[in-house]
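So the sequences go chain by chain: A and B.
Just so we're aligned, residue 174 is where the first sequence starts under the working numbering, counting upward by one.
Just so we're aligned, residue 90 is where the second sequence starts under the working numbering, counting upward by one.
It is possible that some hints are incorrect.
To be verified - Below are the SDA-like pairs computed for lysine to any residue, each with C-alpha atoms no more than 20 Å apart in a straight line:
id, chain 1, residue 1, chain 2, residue 2
1, B, K109, A, A301
2, A, K242, B, P190
3, B, K257, A, A301
As the list claims (entries may be wrong) - Reference listing, derived: stretches of chain A covered by chain B, where coverage requires no fewer than 3 residues with Cβ under 8 Å from a Cβ of chain B:
id, stretch
4, 226-233
5, 259-269
6, 377-385
7, 434-443
Since the hints were made in silico from the structure, they are not lab data.
All of these numbers come straight from a predicted model, not from anything done at the bench.
Think of the CB as a built atom: it goes at the ideal place given N, C-alpha and C, for glycine as much as any other residue.
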Amino acid sequence: MNIIEVEGLSRRFGQFTAVDNVSFQVEQGAVFGLLGPNGAGKTTTIRCLLTLIRPSSGSARIAGIDVVKKPEQVRQITGYVPQDVSIDGDLSGYENLLLYAKLFHVPRAERRRRIDEVLEFLQLTDRANDIVRAYSGGMMRRLEIGQVLVNRPKVLFLDEPSIGLDPAAKRMVWDYVVRMRDEFGATILLTTHDMYEADELCDRVAIMNGGKIVVSGSPEELKETLGGDVVSITTSVAGCGEVLQGLGYHLLGSSENGMCDVVVSEADSTIPRILEGLRNRGINVTSISLKRATLDDVFLKYAGKRIEDGEPAWRGMRAARRAFRRRSK
Amino acid sequence: MSASNSLGNVVTIAEFELRKVRHDVSQLFIRAIQPALWLIVFGEVFTRVRVLPDASYSYLQFLTPGVLAQSVIFIAIFFGLALVWERDLGLVHKLLSTPAPRYSIVLGKTLSAGVRSVLQAVVIFVLALAIGVPLNVNPLAVTGVFLVIVLSGMCFSGLSIFLASLLKTRERMTGIGQAIVMPLFFASSAIYPVDLMPAWLQYVARINPLSYVVDAMRALLVTGQFGNLPVDVGALVLATTLVIVLATWTFRRIIE
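Chain A with its partners taken away, still in its complex shape (with noise of 0.2 Å):
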């Protein structure tokens, strides 16, 4: 079955269209990822999904229900722990859950029982009386989930939801993910830039850029949609990619300065020839690698670029707001 089903869905600001046609479902119980680069158009789609933001055309369910037409029903039955942060740093971990567990309308006599069994999940209970601000980023996101994890939603909405933490922490996240799907039974929809986390967690992908999804699948359908493993060629002088191509070779991208990816599917014998290949046009190899095709690799197929190319350093910045907001106050 499917709880979240799009159909044609657009968001234009202005002359700007955030979000271009876009249609995906996503079944019951799911890990969905939606995966692309900053601006890609993925917070817009789900800020649609959320009834936070009216799509401009096209429709959208979740559990049957109409987004624009009963938003408030929607809203009850979903939880959205957004990019930024999104606790509020004056008040005890408890609170920051009794709050939601009020405004979600948790009957009386089950919000205890629903908060304390949130902290232990999160293995926040030893905090629970502690001013917010004096948290670790990792504990702060943690206290993120738990807010809208009160209310039990059947979809959970996770925008980023490890960008700005240390691998410690994100691999923490990422077993909550998993955690929440499996205990709580709830589907849940992310984004990400982080193409090894969308890999790692997703049990289907859709892969977003200038707000169009260009393919979409389960990852290791996606990769194999590639047709092998990935070589990676660095050489002294540009041009190797072309040369390769002309050669009969699947090039996947390449670069200014002499770098050039190809997908080949028998790496073991293919690696000499394009070895001699090169030598006998006078180029000369000074490293060469190969690597299972990756999720980025998709995305340059489809996308004609890397994600992470000409990324600004907006990357850091939730770790820099997080630190901020614990030293201002």
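Please build the complex by placing chain B on the supplied structure of chain A, with the hints as guidance.
Same frame as chain A, now just chain B:
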């Protein structure tokens, strides 16, 4: 959504704003410093100027309701600043993704500002009594004063939320707050009688909600002349309702 749920949301949002005050009570005293200076320095000096030649009460008595009102609006007018801060983080987006309707969020936030103003005013009120200003401490009158304070806190914080949802940045909010707070204060009956103003300023004072706030409190605490009270309270209720409706209407824009 049932009516009791919506009312519950209003109370919940106000409750948690006030819990923040409980976690840091010192803010009430730090914020009382400026009004205290108005009372102790400005009040004591102007008592010697005799701006009220015919009155049966002293200038300090006249000024106390004005300073109470000042302690309320100087804080309430910057209420939207915190909201812009919460928007720059992700708190407002998350709040809007709960089933709580917009009006309950706006009403809850303004109500908290109103109750917070009372806590603030208690500090000033006690200070005024401590320095020997004769005030009417009849429980009914004092209750009336605090109700007026709740309403005026709601009115001016509502105005601030309305401005915040249009202006959206901290810099603009600081600017507009400073730009309107002084005219509101000086073009009201807070620190001198309206009769002393030039004619054009008297017109401004007449449409300034703060004049009605001060007038009501002055009647209750000092003069005992309640003739204007229904008009004062009526004007205040009208202004409060108007800004809350406006703020509810524009609130969603704060995230755009």
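Taking the hints in turn, this is what the structure says about them:
For the proposed pair K109 (chain B) and A301 (chain A), the alpha carbon gap of about 16 Å is at most 20 Å, so the pair holds. Proximity of K242 (chain A) to P190 (chain B) is assessed by CA-CA distance (about 15 Å); at most 20 Å being required, the pair is judged to hold. This hinted pair does not check out: K257 (chain B) and A301 (chain A) have alpha carbons roughly 33 Å apart, beyond 20 Å. Only when three residues or more bring their CB closer than 8 Å to a CB of chain B does the claim for the stretch 226-233 of chain A stand; here the count is 1, and the claim is violated.
A stretch counts as covered by a chain when three or more of its residues have a beta carbon under 8 Å from one of that chain; for the stretch 259-269 of chain A and chain B the count is 7, and the coverage holds. Only when three residues or more bring their CB closer than 8 Å to a CB of chain B does the claim for the stretch 377-385 of chain A stand; here the count is 0, and the claim is violated. With a cut-off of 8 Å between beta carbons, the stretch 434-443 of chain A has 0 residues touching chain B; three or more are needed, and the interface restraint is violated.
Figure legend: structure checked against the earlier numbered hints; hints not met, in rising order: 3, 4, 6 and 7.
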